[in-house]
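Residue numbers (this note's numbering): 19 to 328.
No incorrect hints appear here.
Taking lysine-lysine pairs in the DSSO-like style, the calculated list, with each CA pair at most 30 Å apart, reads:
(1) K23 with K184
(2) K233 with K255
(3) K255 with K57
(4) K52 with K111
(5) K119 with K89
(6) K233 with K220
(7) K60 with K98
Source of the hints: derived by calculation from the structure; they are not laboratory data.
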Amino acid sequence: MFILKDYTPAFQQVSVDEAFLDMTGTERLFGPPKEVAQKIKKRIHRETGLTISIGIASNRYLAKLASEYGKPDGLFIVEKGSEVDFIDKLELKSLWGLGKKTLERLNELNITTIEQLRAYPLPLLSAVLGDAAGKYLYNAVRGIEVEIHEQETKSRSISSERTFQKDRRDLPGIKRTIMELSHEVMFRLLNDKYRSKTVTLKLRYADFTTVNIQKSLKHWVSSAEEFYGINLELLRKKWNKSRALRLIGVGLANLVPRESAEQQELFTDMYDKKRKVEETVTEIRKKIGNTKLTKASLLKYRKKPTQPPG
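Could you build all of it, start to finish, from the sequences and the hints given here?
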C-alpha cells in the first residue's frame, strides 16, 4: 500500500489488498489516469513481483467493478457516459455489496439481471429490501456513487508525515521532526488501544523519489522513545545524505487490539513499565489537551525561543 500513497494524498484503503486512489488534480504531475495506472502496475510488479488489477472510472464503485472485471492482471477503464453500458455487461451477482441472501430475495422476485433490477422503482426496492439496501442497489445499477465503508485505518496502520516548506538535509532538524512524529503516532496508537510490532519510515527526496522502509520486531513497540530510536536506525541505513529530503513519515503497521496482544504473550517487566508510563501520558493528554503535556525526551529537540532584542 505504501507504493500507492506515492501517487496521491487522497488514498482510501478498504481491505488488506484493496484501495481507492483519487487522482483529481494530479495529471500535471503524474500524467493521465491510464498512464499512472500502467506505471503503478509496472512498479508493483518490479518491486514486489505481484500482479494487480486496476479499474478506472468516475467514482469508486465503478472503479471497483472495473477492477474485478479486469482481473487477474488487467486494466479496465469505464469511460464517462458509458457507465450503464458497462454495468449491463455484468452478471447480477457481480454487483459489489450484493449479498447471497439479497440475491436470493431478488431471484424470488424474478429479478435475475441488472437491467431487470434497474426497472424497479426506489420505493418498491425499499419496501422489499429495506431502505438502506434498496437505495444502495438503486444507485449501484445506475453507476451512481454509493457509500463504501473504509476499513478502519487504525485496525491496519497508523502513520503521520510532514512535508517541509524547504528541502532539508540538516540532521538535527530531521531528527527533531522524527521525534515529534513518533510521539504523535504513539499517542494515537495507545489512545486507540492498539499494539504493533512493525515500524515504517517514509523518506521522499526533492525529486519526489520515495523510499519506504519497514522493520518487524519480536516484541510490541513499548514507547515513543523506542519507536523514535528504531526510526533513527532506519534513517541511518537508508537516507542518502547527499540528497535533501522533501517529506518524512513514520508509522506503525499490522496493528493488533490491545486485549489480543496481551493474550498473545506476557509482557516483560521493562516493557510493562514503559507501556504504563505511555498510557498514563496518553490519558493525561486526552484530559488536558494534546499540546499541553510534553515528555522531557521531546523538549530537548524543540527549538529554543528567540529572545526579543532590547
